[in-house]
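**Student:** So the number in our numbering is just where the residue sits in the sequence shown, counting from 1, plus 151.
Hints are computed from structural coordinates only; laboratory data are not their basis. Misleading hints may appear alongside valid ones.
[What the hints assert, rightly or not] Label-pair ranges, simulated between beta-carbon atoms:
#1 Leu720 / Ile625: 29 to 39 Å
#2 Phe326 / Tyr229: 19 to 29 Å
#3 Lys288 / Ile316: 25 to 35 Å
#4 Ile349 / Leu857: 28 to 38 Å
#5 Tyr229 / Pro735: 23 to 33 Å
#6 Glu253 / Ile421: 46 to 56 Å
#7 Ser457 / Phe181: 22 to 32 Å
[As the list claims (entries may be wrong)] The calculated lysine-lysine pairs, modelled on DSSO-like cross-linking and capped at a C-alpha distance of 30 Å, are:
#8 Lys276 / Lys200
#9 Lys268 / Lys212
#10 Lys288 / Lys324
#11 Lys259 / Lys288
#12 Lys449 / Lys732
#13 Lys200 / Lys324
#14 Lys615 / Lys573
#15 Lys616 / Lys572
#16 Lys273 / Lys190
#17 Lys190 / Lys448
#18 Lys765 / Lys572
#19 Lys320 / Lys288
#20 Lys190 / Lys288
#21 Lys732 / Lys460
#22 Lys616 / Lys765
#23 Lys449 / Lys460
#24 Lys491 / Lys460
#25 Lys448 / Lys259
#26 Lys736 / Lys268
#27 Lys320 / Lys200
#28 Lys259 / Lys276
#29 Lys200 / Lys259
#30 Lys212 / Lys348
#31 Lys765 / Lys615
From the three backbone atoms N, C-alpha and C, an ideal C-beta is built for every residue, glycine too.
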Amino acid sequence: MKKNKRLIIALTILIISAVIIFFAKSTVIFFPSQEVESKGELEFGALTKDFLIIQEIPVTKEYLMAVELLLYSPDVQYWNENTLMLLDSNYRTLYTQRFTNENLNRPKYRVFEFPEKIRVGKGQKVILCLFSSTGDKNNHLSVTRNPMGKLGTLSVRPIVNDDVIGTLKDAGKIFLLEGSLCMRTYESNYGFLNWFKIFLFFLASFLALLILFAEKFQSFVVRLTFVPEKIYIVLALVFGLLLVFITPPLQVPDEHDHLNRSYQLAELNIFQYESTVPASLIQMFNTFGGMNFNAFKKASIDEILSQRKVELNPQVRSAVFARPFIFPYIPQALGIFIGKTFNGSPVMLLYMGRIFNLLFSIVLIFLAIRTAPFFKWIFFLLGLMPMTLYLCASLSKDGLAISLAFLLIALFLQFAYDQQKKISKMDLVILFIVSFLVATTRSIYIILIGMFLLIPVYRIGLLKKYVLVLSCLIITVFLATQIGALKPLFQPKAAAATQPTMHLTLSSNALSTPAPTPIPVENFQRSDRPKFPPEGVNFIEQKRFILNNPIQYMGIIFNTVSYSSTFYLDSFVGILGWLNKPLPKWHINLYLWILLITALLFSNKNIRITLTNKLIIASIFTAGVLLIETGLYLVWTPVGGNYILDVQGRYFIPYAPLFFLLLYNTSLEKYLNTIFAPRKKKQGKIKQKDLIKTAAIVQNNQQITLYNSCYLLIVCFSVLSLLSTVYVVLTGYYIILM
Numbered sequence: 152m153k154k155n156k157r158l159i160i161a162l163t164i165l166i167i168s169a170v171i172i173f174f175a176k177s178t179v180i181f182f183p184s185q186e187v188e189s190k191g192e193l194e195f196g197a198l199t200k201d202f203l204i205i206q207e208i209p210v211t212k213e214y215l216m217a218v219e220l221l222l223y224s225p226d227v228q229y230w231n232e233n234t235l236m237l238l239d240s241n242y243r244t245l246y247t248q249r250f251t252n253e254n255l256n257r258p259k260y261r262v263f264e265f266p267e268k269i270r271v272g273k274g275q276k277v278i279l280c281l282f283s284s285t286g287d288k289n290n291h292l293s294v295t296r297n298p299m300g301k302l303g304t305l306s307v308r309p310i311v312n313d314d315v316i317g318t319l320k321d322a323g324k325i326f327l328l329e330g331s332l333c334m335r336t337y338e339s340n341y342g343f344l345n346w347f348k349i350f351l352f353f354l355a356s357f358l359a360l361l362i363l364f365a366e367k368f369q370s371f372v373v374r375l376t377f378v379p380e381k382i383y384i385v386l387a388l389v390f391g392l393l394l395v396f397i398t399p400p401l402q403v404p405d406e407h408d409h410l411n412r413s414y415q416l417a418e419l420n421i422f423q424y425e426s427t428v429p430a431s432l433i434q435m436f437n438t439f440g441g442m443n444f445n446a447f448k449k450a451s452i453d454e455i456l457s458q459r460k461v462e463l464n465p466q467v468r469s470a471v472f473a474r475p476f477i478f479p480y481i482p483q484a485l486g487i488f489i490g491k492t493f494n495g496s497p498v499m500l501l502y503m504g505r506i507f508n509l510l511f512s513i514v515l516i517f518l519a520i521r522t523a524p525f526f527k528w529i530f531f532l533l534g535l536m537p538m539t540l541y542l543c544a545s546l547s548k549d550g551l552a553i554s555l556a557f558l559l560i561a562l563f564l565q566f567a568y569d570q571q572k573k574i575s576k577m578d579l580v581i582l583f584i585v586s587f588l589v590a591t592t593r594s595i596y597i598i599l600i601g602m603f604l605l606i607p608v609y610r611i612g613l614l615k616k617y618v619l620v621l622s623c624l625i626i627t628v629f630l631a632t633q634i635g636a637l638k639p640l641f642q643p644k645a646a647a648a649t650q651p652t653m654h655l656t657l658s659s660n661a662l663s664t665p666a667p668t669p670i671p672v673e674n675f676q677r678s679d680r681p682k683f684p685p686e687g688v689n690f691i692e693q694k695r696f697i698l699n700n701p702i703q704y705m706g707i708i709f710n711t712v713s714y715s716s717t718f719y720l721d722s723f724v725g726i727l728g729w730l731n732k733p734l735p736k737w738h739i740n741l742y743l744w745i746l747l748i749t750a751l752l753f754s755n756k757n758i759r760i761t762l763t764n765k766l767i768i769a770s771i772f773t774a775g776v777l778l779i780e781t782g783l784y785l786v787w788t789p790v791g792g793n794y795i796l797d798v799q800g801r802y803f804i805p806y807a808p809l810f811f812l813l814l815y816n817t818s819l820e821k822y823l824n825t826i827f828a829p830r831k832k833k834q835g836k837i838k839q840k841d842l843i844k845t846a847a848i849v850q851n852n853q854q855i856t857l858y859n860s861c862y863l864l865i866v867c868f869s870v871l872s873l874l875s876t877v878y879v880v881l882t883g884y885y886i887i888l889m
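Could you put together the complete structure from these sequences and hints?
**Tutor:** If you want it as structure tokens, here you go:
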């Protein structure tokens with residue numbers, strides 16, 4: 152009877168899903184069929200009334216689903232109404248849509264998705280027309296033209312008698328323009344089905360099979376063993392290496408600075424007695440730096456591969472600004488050093504540095520997951536979060552900072568809550584080393600050593616020893632932050648006397664003179680990137696402002712967090728590239744919900760976090776947030792500014808486990824176990840003992856099935872998240888046509 156019920160339910164779900172999928176309109180568009188790239192010397196054309204912009208589009212497939220236009224509305228005074236029309240070669244109207252210039256104060260792609268697929272025919276042409284009802288010279292919407300585009304004929308005509316179709320048919324005045332509009336077309340050879348609908352039908356079929364064979368699936372799930380650290384290292388290696396190679400060179404924030412410092416360490420230039428690097432590294436920035444703040448400029452695989460032929464030529468050098476840090480760049484420097492031994496090109500050195508940074512980072516997170524006595528799946532999710540893995544797969548020191556912070560938190564949790572763990576002298580040495588490395592990587596995370604207060608005194612020994620260890624830990628961290636002060640001791644006097652004082656950034660002028668001596672570099676300021684640092688920044692004056700106006704400063708922090716909370720969350724999960732490659736909103740929101748649910752539901756019944764310890768954790772987390780906000784207010788915000796500038800969500804990732812620890816509880820898990828416990832049935836007295844054993848086995852199997860199913864969902868979601876991340880990187884940096 153149960154099998155028949157399951158069969159009926161499975162068939163019902165399958166039939167309903169098939170009908171919905173077949174007749175539903177597919178709104179998912181993955182890759183364009185044609186694209187006019189927005190690169191080179193682009194021109195903006197005003198969309199004003201009385202003029203018609205006409206773009207011919209040759210269709211490469213049977214159906215046309217959508218078009219996407221790069222639009223821009225500079226100096227918006229008021230909204231104006233515009234119209235897009237799509238006609239066939241016989242001037243029959245296929246689609247019309249009115250739209251305004253709202254939210255187009257910067258260049259942005261606007262999607263025009265048709266209600267139904269338009270059957271045009273492969274090889275046929277459609278005519279895209281744009282005109283405005285209210286646009287004028289002072290307030291208008293602009294279309295973007297690439298003079299090198301070869302999509303189809305582009306022209307402009309004056310509209311005659313407010314008749315667009317009549318104007319098209321009239322062989323009157325016409326202005327032909329070179330190139331094409333910057334746009335994309337989305338086409339298909341299938342009328343009803345597509346690959347996405349087939350994928351959805353496959354999922355529906357899989358769900359129906361799970362219902363039909365529920366008992367076998369349960370027995371299969373019960374036998375599964377989920378070891379989060381092992382699953383993590385496999386997924387992190389596969390997708391991390393993929394991100395290493397598909398992310399174009401220098402497309403992680405400040406990666407050129409990280410490359411400069413890593414190369415200096417590879418030359419054993421530890422204390423920067425000579426702040427130079429090979430000029431070929433600067434040339435690589437000049438090749439790929441144009442994408443840093445241009446969300447629409449694409450990379451070329453041929454362009455990247457051609458960099459393999461560029462020689463390093465370390466004798467021709469250029470003076471640069473490089474960060475003074477040492478320890479966070481050791482993995483990258485090791486990779487670059489190995490690349491140099493094989494006479495690698497600059498781009499090869501970059502990829503070698505990325506690979507070693509990735510390997511070191513994921514090993515540290517692996518150790519953090521294995522060390523943590525509980526909350527392993529939170530570390531798992533945070534370690535595979537798109538922003539985390541993207542930073543680990545780059546030259547950025549943030550990847551190492553995050554992984555070291557996770558390991559430090561895991562060590563404190565182990566010492567505080569793992570009663571089977573005896574804290575040895577070697578354990579304390581490891582704790583000191585990790586704390587030292589965290590402090591030398593990013594000093595804003597030194598407050599994490601406050602988690603030492605979670606450790607009960609008896610776990611260390613006597614109170615005197617406890618205080619001594621804590622004091623030594625504080626001194627160690629303080630000394631770690633002062634390593635930069637040792638630089639003058641290692642600065643050769645001759646070099647310091649002869650080295651000119653220069654304000655240095657990157658420029659192609661560095662390659663103009665092939666001299667082996669350091670070359671002064673001209674100030675480099677791109678028109679499409681903000682001025683670094685902003686005007687009005689003064690560390691001493693800002694510090695004085697905070698001390699004199701503490702209440703006002705607290706209000707500034709509150710206003711900043713309130714105003715920027717959405718951006719903080721988005722850039723916490725993943726705004727990739729130079730903050731110009733955001734993940735889809737569904738991806739970000741779903742990831743945050745999964746983290747919250749995991750923190751609330753998964754616990755260890757033998758471990759409880761007391762209210763006192765939660766207050767300690769909350770204090771450390773709050774202090775960490777204040778430290779991040781204050782640091783950027785001091786060094787990156789004009790004196791007395793009302794908002795703190797340049798705070799990004801990725802800075803909070805090392806503190807994230809503390810926030811989720813505040814949600815840790817054992818009550819919800821007990822409640823779930825009660826809900827999913829098998830119902831007791833009245834039975835005879837003879838078989839009571841056997842029934843108790845059977846009920847216990849059934850209950851245990853149900854609990855294992857429940858938890859293993861949740862673990863399986865977390866792993867599957869992580870894979871989906873990483874696939875989405877790869878998709879964002881590929882479509883954001885490359886032209887991929889289908």
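**Student:** Determine for every hint whether it applies to the structure shown.
**Tutor:** Okay, the hints, checked on the actual structure:
no. : hint                        : in the structure
1   : Leu720 / Ile625: 29 to 39 Å : holds, 33 Å
2   : Phe326 / Tyr229: 19 to 29 Å : holds, 28 Å
3   : Lys288 / Ile316: 25 to 35 Å : holds, 26 Å
4   : Ile349 / Leu857: 28 to 38 Å : holds, 31 Å
5   : Tyr229 / Pro735: 23 to 33 Å : holds, 31 Å
6   : Glu253 / Ile421: 46 to 56 Å : holds, 54 Å
7   : Ser457 / Phe181: 22 to 32 Å : holds, 28 Å
8   : Lys276 / Lys200             : holds, 26 Å
9   : Lys268 / Lys212             : holds, 12 Å
10  : Lys288 / Lys324             : holds, 21 Å
11  : Lys259 / Lys288             : holds, 20 Å
12  : Lys449 / Lys732             : holds, 12 Å
13  : Lys200 / Lys324             : holds, 16 Å
14  : Lys615 / Lys573             : holds, 19 Å
15  : Lys616 / Lys572             : holds, 18 Å
16  : Lys273 / Lys190             : holds, 28 Å
17  : Lys190 / Lys448             : holds, 5 Å
18  : Lys765 / Lys572             : holds, 22 Å
19  : Lys320 / Lys288             : holds, 27 Å
20  : Lys190 / Lys288             : holds, 25 Å
21  : Lys732 / Lys460             : holds, 29 Å
22  : Lys616 / Lys765             : holds, 24 Å
23  : Lys449 / Lys460             : holds, 21 Å
24  : Lys491 / Lys460             : holds, 14 Å
25  : Lys448 / Lys259             : holds, 12 Å
26  : Lys736 / Lys268             : holds, 25 Å
27  : Lys320 / Lys200             : holds, 19 Å
28  : Lys259 / Lys276             : holds, 26 Å
29  : Lys200 / Lys259             : holds, 22 Å
30  : Lys212 / Lys348             : holds, 18 Å
31  : Lys765 / Lys615             : holds, 25 Å
Every hint, counting from the list given before, is met by this structure.
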